[in-house]
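Residues in the sequence shown are numbered from 1182 upward in steps of one, following the numbering used here.
One or more of the hints may lead you astray.
Straight-line Cα separation of at most 25 Å, DSS-like style, residue types lysine-lysine; simulated pairs [said to hold, decoys possible]:
1) K1574 - K1355
2) K1528 - K1501
3) K1566 - K1183
4) K1501 - K1560
5) K1619 - K1586
6) K1394 - K1268
7) K1183 - K1268
8) K1566 - K1619
9) K1525 - K1574
10) K1566 - K1633
11) K1525 - K1615
12) K1560 - K1628
FYI, nobody ran anything at the bench for these hints, they're computed from the structure.
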Amino acid sequence: MKSEDRLPGACVSRCLYNTSLCTQRHRCSALPDGPNFAAVQALRTTLHGQHYDTFLDILEMMVLQGVYPGEGVFDRLIDMAMILIAKEISVKELGDIYNKLIRTFFLLVDAFPPCWTALRPYYLSFLGVSHPPLRETRSTNSTQKLQFYIDLFEENLTHCSDEEIRENTKFYEKFVFNFSEEEDANMSQETVFLRHVQQYDWQSGKLCLDDFKRMSPAVRLARLCDVLNMLTCVLEIEFLSWLDHNRLRQSESELFQENSRSFASIVFEISAGTRLSDIVKQIMSLYGQVVAKSMYPERQRILQRLVSLIVEVSNTAELKYEDNAVIYPSMGPQTHLLIEDFFKIFKSHNRKKVRTYLMAIRQLDPPYLRFEFTDHFLKLFFFPKKTHFGPEKVVGEFRARQWVKYNLKSEIEDDDDEQLSREDYLALLLSALKDYDKWLNLGGFWKYLMSKELVQPLTARISPVGRVVREAPKVFRLDALEEEVHTWKERMSTKVITGREKVNLPVASINMAKMCVRYGEDVRQMRVLRQLLQNEVYKEVDVSDWLTYLNNFLSYEESMSPVDSASSSLLGGI
C-alpha cells in the first residue's frame, strides 16, 4: 500500500519521503508567514503594470523566504500562462517569461503544498470549488477550473489540424497585426491602441480570453496542455498526500468526509453512489479522441493521468475492512464498472484500428487498469465475457486452444488493421498476466512463502533529533550572524548530523485470512499454466516467452529442499 505506487506516473510531493516533517509543518501547522504591505504593493504594481519578469522575481524571492504571497497567486499564474502574447515584447522575452512562470508555479506548489491543512480553502478556491462552510454562498453559475479548461481544450481540438495535434507545437508565435480587420470593424483609437500593446486588465480579477483567442490553434493547444498539467499535478500531489496521511484506514467514509475530502473526489464529482459523472465522462471521451488522433505522447499522458487518478479514487473508496484489517489489493464492483465504461467510451472513438488499442494499453500507468483494459479489448474477439481476468482465465484460454482462432501475422494483409494477430494476442495476454502479478504482488507472496524471508517494512526518513526545523527556509542576515559570534565555537563542537534517520511507518493491517485464499489459488493456477505449456502447448505454438516468465516466477520452488517441496505440493492442492 505504498502511496506513490498506487498512482504510478503521477507528480509526487517530497512530503511522501518525510511524513513526520509533513505532519509537523503542513498537516498540523498554522498558515505560513504572509508578505508585508510593501511586498504586496510591489506585487500588485508590477502585475498591473505588465512587468511580468519583475513580478515573477518577487514571487520567487518570497517563496525562498518562506512567505506565502497570498490568495489568488495560483490563479494569476494560470491566467498569465493563457494570455501572455508577444505584442510589445519579443518572442525570446515571451519564452523566458513563460518558462519562468511555469517554474514559479511548481516552486510555489512545492513550498506550500496542497497537504498544508491551513491552505486548504485557498486551494479549493483556486480549483473553483468552495470550502464547505462557504459553499452556500457560491454562485451556481461558477465553473470549476478543471472543467473550464477541459471545455476549452475540447473546443480548441476541433480547430487544430491532424499534423498540429501529432506534433509538440510551440507555446509562442510572432504577433502579426491585422490592420484591415481593425479598419473593417471601425474601432476607436483607444481600442486599436489596446490591441497593439501588452495591456491586460488584472484589476478586475477575471480572465479575459481575447488575446488567447487571437493565438493560432497550435499555440493555444500548447498553452492548454501546460495549464492542464499544472492542475493535474495539484490533484495528484494532494491525493497521494491524503493516502499517505490515511495509511491506517482508507475507505468510503474517510474519502468522502466533508472537511477532509480529497480534492480529486470533489473536482471529479465522485460520490458513494456516483462514479461516471459528467466531467469524468468528458475526460475519458477526450482521451479516446486524442489517442485516435495520435496526439503527441507527452500531451496524451496528461489526460491519461487524469483517467488513472479517477480510477484510483474510485477504487480507494471501495476498500473493505474485516476485523479491522483491509482486504487489499482488491477491485470494487463500481471500479470494475467504471473501467468497463471507460473502455466503451474509448471504443466509441476508436472502432476499428487494432494498433490504436495496442498503443493505448502500453500508455496506461496503473497495472490493474492495463490488464482490465486488455481484458475488455480481448472480449471484442474470442475472450470469455463472464469471468474477471486472472491466471485461471488464462489457463482456460490455453486449454480451449483459443490461439487457433487468431491468424498469424504473416497471413494478415499489411493494410488490414481490424484483425488481431496470433502473436499480438499471445503478447497481450502475457503482458496482462504480468500486470496482474505486479498489481497483486503475486511473485512477492510466492517468494516469501518459499524463502521465509522477512518482508521489509514501509519506511520514511525523519528530521534528526536536535535539529531545528523551521516553518520554511530563511534568508541569512549578516548582522544577525555577527551577534552570534560568541556561540560559534560551542556550535562547531557539536556533532554533525550527516543524514536523516529512517523509521518504520505504521500501515494498515492486511486481512491475511481473505488474501491467502486468493494468493494460494492464483499461485496454483500459475503452476498449472506452466505445466500445461510445458507438456502440451509448446508443440503447437511458440510460448518461449511465457515459459521464461513462469520459470522465473516459480524459480524458488525448484531450489527448495525435499521437505519444503512436499509442503508446497500440499499448498498447491488447497
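We went through each hint and held it up to the structure:
no. : hint          : in the structure
1   : K1574 - K1355 : 58 Å, violated
2   : K1528 - K1501 : 31 Å, violated
3   : K1566 - K1183 : 32 Å, violated
4   : K1501 - K1560 : 29 Å, violated
5   : K1619 - K1586 : 29 Å, violated
6   : K1394 - K1268 : 14 Å, holds
7   : K1183 - K1268 : 49 Å, violated
8   : K1566 - K1619 : 23 Å, holds
9   : K1525 - K1574 : 22 Å, holds
10  : K1566 - K1633 : 38 Å, violated
11  : K1525 - K1615 : 24 Å, holds
12  : K1560 - K1628 : 32 Å, violated
Checked against the numbered hints given earlier, this structure breaks hints 1, 2, 3, 4, 5, 7, 10 and 12; the rest are met.
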